[in-house]
Structures are given as structure tokens and as C-alpha cells.
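*Asks:* Residue numbers (UniProt numbering): 1 to 116.
To be clear, the hints were calculated from the coordinates, so they are not data collected in a lab. Just to be clear, a hint being listed does not mean it is correct.
Computed beta-carbon distance windows for the label pairs [to be verified]:
| hint | residue 1 | residue 2 | range |
| --- | --- | --- | --- |
| 1 | D49 | Q92 | 30 to 36 Å |
| 2 | Q2 | T50 | 18 to 24 Å |
| 3 | L11 | L96 | 16 to 22 Å |
| 4 | E97 | F5 | 16 to 22 Å |
| 5 | T99 | K14 | 23 to 29 Å |
| 6 | L11 | E42 | 27 to 33 Å |
| 7 | Y94 | D49 | 16 to 22 Å |
| 8 | G93 | K14 | 19 to 25 Å |
For each residue, glycine too, the CB sits at the ideal point set by N, CA and C.
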Amino acid sequence: MQDVFPNELSLWQKRGAVLLDVRSPEEFASGHIPGSRNLPLEQLLEALDTLKSPVVTICATGSRAGLAAEVLGYEGLEVGKLVGGIQGYAAQGYPLERTATQVAEVPFKPEEAPCS
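Use the sequences and the hints to build the structure in full.
*Replies:* Encoded structure:
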């Protein structure tokens, strides 16, 4: 596993690296690196066969990304971990992308409205 600093991320991307954000979908939606893929840490083992080298793991501060990087490295992938996570990336002025979370709308049915 290699440490990847925010200013080195573009070099990994040019090499075709998958930017793998291992945070929850809610965390991912609140702000992520453009072009990154969300795969929560809890689902990593189930998706190993969908990943190829190189990979850069990303989380909020770096701890979950470190765990993911260890697993991927053990599986033989070339892997880097983003130092400082999303927080460090954003603190250095790099842009984050946000995903609109969809709220399921329940259609109003007057016949089902409670009467008082």
C-alpha cells in the first residue's frame, strides 16, 4: 500500500486508477471526489472480483481507507490510500462533487387521510 497525497491523485487517475470511496452512501452523497466510485467498506469483500489495479481507497479521514487498502493489497492489487481522506482533500482546496439524495415521494390519497 502506498500513501497518496491529494496533489498526487491526478497522477494515479492518469494511470487509470479506480478511486474507491469506502464511506456510506450518505457520506458519499454529501461530498466526494469527482469520478470516484462508492463501495462501502462493509461490501468490499463481496465486490473484489469487480476491481482491478490500480486502486486508490478513500474515506473521511483515512482509517477505513487504510483497512480497505490492506484487504486489496492482500488480494494482489496495486493500491494506494488517500492521505487525510476527503477532509484533507477538501482542506487543500480541491473540489468535491455532491449527489442529490432522492426522497421517495408518497402520493397523497385523500381517502386515506385521518379524520378528526
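*Asks:* None of the hints should be skipped; say for each whether it holds.
*Replies:* These are the hints, each one checked on the structure:
D49 and Q92 have their C-beta atoms about 34 Å apart, which keeps the hinted 30 to 36 Å range intact. Hint check: Q2 to T50, Cβ distance near 22 Å, so the stated range 18 to 24 Å holds. A C-beta distance of roughly 20 Å is found between L11 and L96, which places it inside the suggested range of 16 to 22 Å. A hinted range of 16 to 22 Å holds for the C-beta pair E97 and F5, which are about 20 Å apart.
Distance hint for T99 and K14: a CB-CB separation of about 24 Å, consistent with the stated range 23 to 29 Å. Taking the beta carbon of each, L11 and E42 are about 29 Å apart, inside 27 to 33 Å as hinted. The supplied range of 16 to 22 Å is broken by Y94 and D49, whose beta-carbon atoms lie about 31 Å from each other. About 20 Å separates the C-beta atoms of G93 and K14, a value consistent with the hinted range of 19 to 25 Å.
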